[in-house]
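Protein chains in written order, with this note's numbering: chain A, 157 to 294; chain B, 157 to 294; chain C, 157 to 294.
Some hints could be false.
Identical copies go unnamed one by one, so any copy, or any two together, can satisfy a pair.
[Stated by the list, open to error] The list that follows gives simulated cross-link-like pairs (lysine-lysine, DSBU-like), each with its CA atoms no further than 35 Å apart:
hint: 1; residue 1: K187; residue 2: K285
hint: 2; residue 1: K191; residue 2: K225
hint: 3; residue 1: K187; residue 2: K225
hint: 4; residue 1: K183; residue 2: K235
hint: 5; residue 1: K235; residue 2: K158
hint: 6; residue 1: K187; residue 2: K158
hint: 7; residue 1: K235; residue 2: K191
hint: 8; residue 1: K263; residue 2: K225
hint: 9; residue 1: K225; residue 2: K158
If you're looking for bench data, these hints aren't it; they were derived computationally from the structure.
Residue strings, one per chain:
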Amino acid sequence: MKSHTEYLHINTEERYQIVNITPEVRKAVEKSGIKEGLCLVNAMHITSSVFINDNERGLHQDFLAWVEKLAPYNIHGYKHNLTGEDNGDAHLKRTIMGREVVIAVTKGRLDFGPWEEVFYGEFDGRRDKRILIKIIGE
Amino acid sequence: MKSHTEYLHINTEERYQIVNITPEVRKAVEKSGIKEGLCLVNAMHITSSVFINDNERGLHQDFLAWVEKLAPYNIHGYKHNLTGEDNGDAHLKRTIMGREVVIAVTKGRLDFGPWEEVFYGEFDGRRDKRILIKIIGE
Amino acid sequence: MKSHTEYLHINTEERYQIVNITPEVRKAVEKSGIKEGLCLVNAMHITSSVFINDNERGLHQDFLAWVEKLAPYNIHGYKHNLTGEDNGDAHLKRTIMGREVVIAVTKGRLDFGPWEEVFYGEFDGRRDKRILIKIIGE
C-alpha cells in the first residue's frame with residue numbers, strides 16, 4: 157500500500173467564498189503515483205467545508221444565499237458567540253455543506269462523473285486555513 | 157491491497173425518488189473478495205445523493221417533503237436556473253442528503269448496524285445516472 | 157495492508173445529546189499500529205450522527221437548537237411516526253449532522269487541524285447504541 161499526504165494553504169479575500177480546488181487535487185493524485193485507491197479531501201478547520209458539485213458561478217451564489225437562510229449570521233443569535241466569537245453561523249453553514257469528500261481513484265485518475273468538481277467552502281475567511289489531501293492505494 | 161470498482165446505471169421514473177441499492181452494494185463486496193477494508197458508494201451526478209438510513213417507505217416520503225421545504229423547486233428562485241436549467245433546487249437537496257457514504261467491510265461483509273441500508277436519492281431524475289462503488293482492502 | 161475494527165457502546169442520559177469521542181478514536185488509532193491510512197468513524201444507528209467540529213459547549217447547544225428548528229420533534233408531523241415510532245425528527249436531524257467521518261492517519265496520529273474533535277450526536281437516546289471505528293493502512 158502506498159500513501160501520499162498534502163496540505164493546501166488558503167486565505168480567502170471574502171468572509172464567505174467558494175474556491176475550486178480540483179486542479180490541486182488532481183495534481184496530488186498524479187504525484188502520489190497511486191492507480192487504484194481512495195482520495196480524502198477535508199477542511200482542517202471547523203468553519204469551512206470541502207464539497208463536490210458543479211463549477212457554475214450562479215449555483216455558488218445560490219449555495220451562499222441558501223446557507224445564510226438556513227443558518228444566518230447573527231452576532232447575538234448563537235451561544236457560541238458568547239465566547240467572544242462572531243462565527244457561530246459558520247459552524248452550522250459548514251455542517252450543511254460538509255467537512256470532507258472521499259473520491260475514488262481509478263486508473264490513476266479521480267473517478268468523477270461528467271460535472272463533478274471539488275470545492276472549498278469558506279464561511280469565516282480572510283485568515284489562514286488548510287485543506288488536507290490524503291490518497292491511499294496502489 | 158486489492159481493489160474493486162463497479163458502476164451502477166439508474167434512470168428513475170420520477171423526478172424525485174429514493175431507491176434502495178443495498179443488494180447491489182452487497183453483491184459488489186462479495187465479488188471483490190475483500191474481507192477487511194472500506195467501501196465507497198457515491199452518486200456520480202451533482203443532483204443526486206447516496207445515503208444510509210432506514211428502509212421505511214413513510215420515512216422516505218418524509219425525506220422528500222423535508223428537502224422540498226428546505227430547498228423548494230422554484231424555476232425563478234435560483235441563479236443557477238438562469239443558465240437554462242430548472243434544477244437549482246436539486247443541487248441543494250442533494251447537499252442535505254449527501255453525495256457519498258463510506259462503509260466498513262469486516263469479515264467480507266458490509267459492517268452495518270441493525271437498520272442501516274444504502275439508498276440512492278434522485279432529485280432530477282428521468283435521465284441516465286451512474287453510481288460508483290469502490291472497495292479497497294484485503 | 158493492516159486493518160483494525162472497534163465498536164464503542166453508548167447509552168446517553170438525554171434524548172438529544174452530543175458526546176466527545178475523540179479520546180476513544182485516538183486510542184483505537186494507537187492500538188491499530190497504523191502509521192499512514194484512513195480512519196472511518198460512523199454511527200451504526202440511523203437516528204444518530206458522528207461529526208467533527210469544535211469542543212465548545214455553547215456551540216453544541218446551538219447545534220441541538222438548530223436541528224430542532226430545521227427538523228422539529230412532532231409526533232404527528234412525520235409519516236414515519238405512523239409506524240408507531242415518534243422519532244421521525246431524529247432521522248432528519250442525523251441527516252443534517254452526518255452519519256460518518258473519514259479522518260487521515262499520518263505518522264500514527266489523527267491528522268487534525270487545530271480545533272477538530274470527533275463527536276457523537278444522539279437524537280433518539282436513552283438506549284444502547286454503537287459506533288464503529290475502522291482504520292486501514294500501513
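Status of each hint after checking the structure:
1. K187 <-> K285: both (22 Å within a copy, 31 Å between copies)
2. K191 <-> K225: The answer is neither: 42 Å in one copy and 42 Å across copies each exceed 35 Å.
3. K187 <-> K225: neither (40 Å within a copy, 44 Å between copies)
4. K183 <-> K235: Intra 41 Å, inter 31 Å, cutoff 35 Å: inter-copy only.
5. K235 <-> K158: Neither, since 44 Å and 43 Å both go past 35 Å.
6. K187 <-> K158: both (12 Å within a copy, 21 Å between copies)
7. K235 <-> K191: neither (47 Å within a copy, 38 Å between copies)
8. K263 <-> K225: neither (41 Å within a copy, 41 Å between copies)
9. K225 <-> K158: neither (43 Å within a copy, 45 Å between copies)
In this structure, the hints that do not hold are numbers 2, 3, 5, 7, 8 and 9, in rising order.
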